[in-house]
Amino acid sequence: MSLGDLIFHLGQWLRTTPLTEISLDIQKTWLSALIDQHFWVIPIIQTIHILAIAAVFGSVVMTNLRILQLAGNSRTMTETVRRYLPWIWWGLLVLLLTGIGMTVGEPVRELTNPVFWIKMILIIVASMISLGFQTSVRRNVARWELTHGGRVLIRVGSSAVIALWCLIMLAGRWIAYAPT
Amino acid sequence: MLQAISQAIVNWPLSQFIAESSWAFPTLESIHVIAIVTVIGTIAVMDLRLIGVASRACAVTEMSNDTLKWTWGAFVVALITGSLIFISKAVDYTVNPFFLWKMVMIVVAGINMAVFHLFTWRSVHRWDKDCDVPLGGKIAGGLSLFFWIVVVFLGRAIGFTLDKFSQS
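Just so you know, the protein sequences line up as chains P and E, in that order.
Number 33 in our numbering belongs to position 33 of the first sequence; there are no gaps in the numbering.
Number 1106 in our numbering belongs to position 106 of the second sequence; there are no gaps in the numbering.
I should point out that these hints are in silico values taken from the structure, not numbers from a laboratory.
The C-beta atom is built at its ideal place from N, Cα and C for all residues, glycine as well.
Hints are supplied without guarantee of correctness; some may be wrong.
[Unchecked claim] Now the stretches of chain E that chain P is said to cover, found in silico as 3 or more residues with beta-carbon under 8 angstroms:
(1) 1022-1033
(2) 1050-1064
(3) 1135-1144
(4) 1155-1167
[As the list claims (entries may be wrong)] Partial list, computed: chain E residues near chain P (C-beta under 8 angstroms):
(5) V1037
(6) W1070
(7) S1083
(8) I1149
(9) V1152
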């Protein structure tokens, strides 16, 4: 089964779930109507959403470049984490709020969209990795300071995290093109 | 004149392919978004250092070394994907005011960066670490953030208004 088929079947199944009813109910709320009736609300929310992902992705990239020892080598891991992790968490909060705004404005387009749910799963995975990383640096700071970017596992892991965030952005854009 | 050129561009085989393919346009858009997010994400790290909001303990020259190559690399990707997106609908883009303003803003952001590197940067050894960035540097950092935020908004606005201004 190709990825296209998988997305198609996932979309068909989603429409048989209560999500269809829920989206239609959300669409009847005043907030949804307000967002829908004002032309500039969605593009402005999307702009804030993109700026927030820029803050998150920029921080993810800088942190992982430090792990890979490709940038920021003069700073310790603790300094790096203290500089960038808060921007990741606050950025994720802004992404969540603007994401909810877009979903309330166009509930059917999002909630019955297979790509939307694939994106949500990827975000949960990425957030868990961030949380795990933060905890690990706190607990084993000495080991992270000594870790060399040359170690295969670290190299693969760091590159995978950057790729995962790229995949999330890719999914974000493809929500607009998925068949609903 | 502009109309005739853009009409010729959309007739190129590559333009036609991007416009007609089911996957090419969204794929280019996705890569364009990832690239511009990287440009702004890394440029913001440098701008916030200049303004004095973040990374104050890190030397300015070092911050520049850490970010600039990634910013430029991503900018080249954004430029290539942006050009490919443009040629597929050149007629619609050239009459869209948000597209034209976006191009102006990118040029203005470039001029701001050039002015900073040609003038303020000359004395960087004096304010590299453990002291305040001169006002010129702070202003350049603030303007850079502002211009790129506007670029993102204009970019999003294009997608919502393409049909509105299109004459076809």
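Now the hints, each set against the structure:
For the region 1022-1033 of chain E, the stated coverage by chain P is satisfied: 4 residues place a CB nearer than 8 angstroms to a CB of that chain, which reaches the threshold of 3. With 6 residues bearing a CB less than 8 angstroms from a CB of chain P, the region 1050-1064 of chain E meets the requirement of three and the coverage assertion stands. With 0 residues having a beta carbon nearer than 8 angstroms to a beta carbon of chain P, the region 1135-1144 of chain E misses the requirement of three or more and the stated coverage is violated. For the region 1155-1167 of chain E, the stated coverage by chain P is satisfied: 4 residues place a CB nearer than 8 angstroms to a CB of that chain, which reaches the threshold of 3.
Against a cut-off of 8 angstroms between C-beta atoms, the interface hint on V1037(E) holds, since the closest Cβ of chain P lies about 5 angstroms away. At a threshold of 8 angstroms, the smallest CB-CB gap from W1070(E) to chain P is about 7 angstroms, leaving the interface hint in force. Contact between S1083(E) and chain P, as hinted, is not supported at the beta carbon level, the nearest pair being about 18 angstroms apart and thus beyond 8 angstroms. The restraint placing I1149(E) at the interface with chain P holds, with a minimum CB-CB distance near 6 angstroms, inside the 8 angstroms limit.
Checking V1152(E) against chain P by beta carbon gives a least distance of about 5 angstroms; that is within 8 angstroms, so the hint holds.
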